[in-house]
Amino acid sequence: MPSPIISRDPKTLAADPSFLGYVCQFIDPPKSSGLLPTPDWIPPDGSRLHPAFPTRKFTTFAQPDRTPITRHFETVKKTMPDGQDVEFWGFFDPKIPGNSYKFPSDEIRLVEGQIFHGLLGGIKKKAHTIHWHGIEPTSQNDGVGKLSMEVGGEYIYQWLASAAGTYFYHCHRNTLLHFEFGMYGMLLIDPLPPPRKDPAIPFPPYPAGGPGYVRRANTVVKYDKEAVWVLDDVDPLWHLLDHDAAMSSCDNLNLDANGNPVGVNFTSGGGLNVFNPAYFCISGVPHPWTRNLPTDPVNPGVAVQVKAGKTLLIRLLCGAYSLNKCVMEGLNAEVIAMDGRVLGQPPFTKYSRPFTISAGVPFNLTAARRFDLLISPTAAQIGTHRFVVEFQHHVTRQVMGIAETFVNVVP
Amino acid sequence: MNRREFIKRVGIGGLAAIALGAVNLPPIFRRTEALAADVALNLEVVEALQETVDANLVYSWAFAVNGQPSIPGPVIYVSQGDNLTITVTNTLDEPHGFAIPGLLPGTFLANTGPISSGGSATVSFLAPNPGTYIYLDPENDPVNRVLGLHGVLVVKPTAGNNPYGAFATPNVASLFNDLGNSSHFPGVPWAPNGPNNRERIWVFSEIDPEFNLQAQVAGPGEIIDRNIFQQAFLPTYFTINGQSGYFAANNPDIALIGLAGEPILIRNVHVGLDTHSPHIHANHGYIVSVDNVIGKGDEHSGADNIWWMDTWTMLPLNRKDVLYPMMRPPDIPPQTWAKQIAGTSDEGFVDNLMHGPNGGFPIAYPMHSHQEISQSANGGNYPKGLITHIEFHGALPGV
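Which chain is which? The protein sequence lines are A and B, in order. According to the working numbering, the first sequence is numbered sequentially starting from 358. According to the working numbering, the second sequence is numbered sequentially starting from 139.
Derived from the structure by calculation, the hints contain no laboratory data. Every value quoted in this text rests on a predicted model; they were computed, and no experiment measured them. Think of the CB as a built atom: it goes at the ideal place given N, C-alpha and C, for glycine as much as any other residue. Watch out, some of these pointers could steer you wrong.
[Stated by the list, open to error] Here are some of the chain A residues that sit facing chain B, going by a computed Cβ distance under 7 Å: (1) Pro396; (2) Ile399; (3) Glu431; (4) Val433; (5) Lys434; (6) Pro494; (7) Ser496; (8) Phe623; (9) Leu680; (10) Val684; (11) Pro704; (12) His751.
[Stated by the list, open to error] A few chain B positions that, by computed beta-carbon distances, are all more than 10 Å from chain A: (13) Gln218; (14) Asp279; (15) Glu348; (16) Gly481; (17) Ser514; (18) Gly536.
All chains, full assembly: derive it from the sequences and hints.
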């Protein structure tokens, strides 16, 4: 006597093709062709700060307004330290003269309170989306294809940059594959400077690499150097796959004369649950080249140099499917924000406060988590300090590889 | 006789629940509740067939009440201090047991010890401090647990305006008191057993059908090697409360459904072997309890430090209680939100499930593990894994 089965039982549904079509529709959202209109379009007003946002307006910006910020799809082959070429996918802004796609995708920097317009276009085949991770807009502007639409033509995403912090953007179609293909970039929202701004620091958005200002609890503090480190693991076999690899045939749904789906099948043995990374990257640079300074003429790395007595801001993102065990050797790091939310900023985070991770003590990050770390090295700490990440297998927790780089404290 | 001819299929409609003693059951469970007359419960360890998202039937082990197996087992709701008596009967070939892990790894709040085939054992214990606990079969760890022998014990406080009563830390108590009572949280106050569906339980797990098959064909006395299991386990289906993909996303016991201004407590537990990184869209969530330590961020952050995160880590056997404020998504421009509330929004897709042609609500978002391998089923079929929905069906006045 079988147990009672409720109406959502898939076996029951299998006898009802119209319902299976419903299930398929769930993963086969409409795709745009041409430019989709952005609902409730808010034209850029010159100040680029939303009038409803409760902060003071100012009109001086260091960079010209490029609204909308544009992202086109592109691919690139990157040669890894063992000589193998690996294909990456991502976004770049074709409006910047001489720009080309590099893994990871171009950094986007905004000002807190700004209305953001981001145009996605240049899709070469099928469709992509952009999800602005940590940003919380309407569903249509959230970039989750199956809950709104996928972009085959062009669409301008619109939202309010309400909270300064560290975010990222990525494609949210066949996400497990497209995210592994490297379809992500950083999205940083800068706070306005304090009333008595250091004249040496331009108005926001602040220059990549520093100097600038960042929120700490209920204040805005200055940093001199900035490092943005994205941890990622790369399985080269995945990078040989096709756009829609292992998606069920629901995704390319065929309809019969009555509009009912035909040929509905699930994929089996697609292998996208087998992940064996061979390269371990920080911000697109594979280990061991990560150890070099960005100025290295042969293999630019991600090591950072900071003077004793100055302040270093590290924005750390885990873009890996592995568990990342991180250690900052020789330097204490104060966690001032996570996931784009400042610790100890009333009213929403008055229930928390910044805290310090002591030098040499490990901390874990998993996919999509962000820590903003402030480090203020003293003269006694002049020297080279290692930052090392263990990439632990997501099931067995065995260490599959490491990526390391350095904070060089100089006089 | 081959008893496997009589294997029952697991009811997959969501979590069944049992309230023991005087505790009030959250309303979401009231259609399936089985109110007990006293604080005693009988569980059976049985075999069952679990149906996957792509309609495969997988042999599993399950806890059953009154002959009805479920994966996860029934949620056991009790009040703090209740005296619980649980009798477990093992109907299978190999030893099984029932235990509740304690605050420290390797410790138990209760443990029957191994129960041999055909045998029974009883544990009696006082319900611990309010919070979210896992019960499981600790034998041949982690094999029996992962093959289906797991469930959740929820301990409710006897009083107070938060899930922990007098045990809440100052910041946790303040957060729950601020709901509906502060300018930053307009909407309704927290109501532990109020009229709305304000709690969810998310039990994360995975299935590797190869090992389920091994369990099915094993003869008496044959035991799956726990070390091989841990090293060779290949997660193939990723589940929340036993369901995946479409079925988890549209299950009202799993999805967060409500009005803006109606906060929801999500009791996350992880009984599988994978590393998960649940990412929630539309709002950040407050991590109010970690492994029954109320107000804990992590081992670095000091006591009573409540993180506000869009993605949190779930390792095997983790318990994390997350308050989802269900506030107006903060990056919607105010004029767009005004049109949303007025029902004059231009957004939405009439040919998409989650959007009606009503010029406004519902608007829907996903929650999914950002360890994106978890979004596959049987090696592909994105997004048919560990995912559910967040649906705003409207907004309370002033939100």
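Results of checking the hints against the structure:
1. Pro396: Holds: closest Cβ of chain B sits about 4 Å from Pro396 (chain A), inside 7 Å.
2. Ile399: This interface hint holds because 6 Å falls under the 7 Å limit.
3. Glu431: 21 Å, violated
4. Val433: 21 Å, violated
5. Lys434: 23 Å, violated
6. Pro494: 5 Å, holds
7. Ser496: Since chain B brings a Cβ to about 4 Å from Ser496 (chain A), closer than 7 Å, the hint holds.
8. Phe623: Because about 4 Å separates Phe623 (chain A) from the closest Cβ in chain B, which is inside the 7 Å limit, the hint holds.
9. Leu680: 5 Å, holds
10. Val684: 12 Å, violated
11. Pro704: 4 Å, holds
12. His751: Interface hint status for His751 (chain A): holds (4 Å vs cutoff 7 Å).
13. Gln218: 23 Å, holds
14. Asp279: 15 Å, holds
15. Glu348: 12 Å, holds
16. Gly481: Answer for Gly481 (chain B): holds, closest chain A Cβ roughly 14 Å.
17. Ser514: The claim breaks: Ser514 (chain B) does not keep its Cβ more than 10 Å from every Cβ of chain A (closest is about 5 Å).
18. Gly536: 16 Å, holds
In this structure, the hints that do not hold are numbers 3, 4, 5, 10, 17, in rising order.
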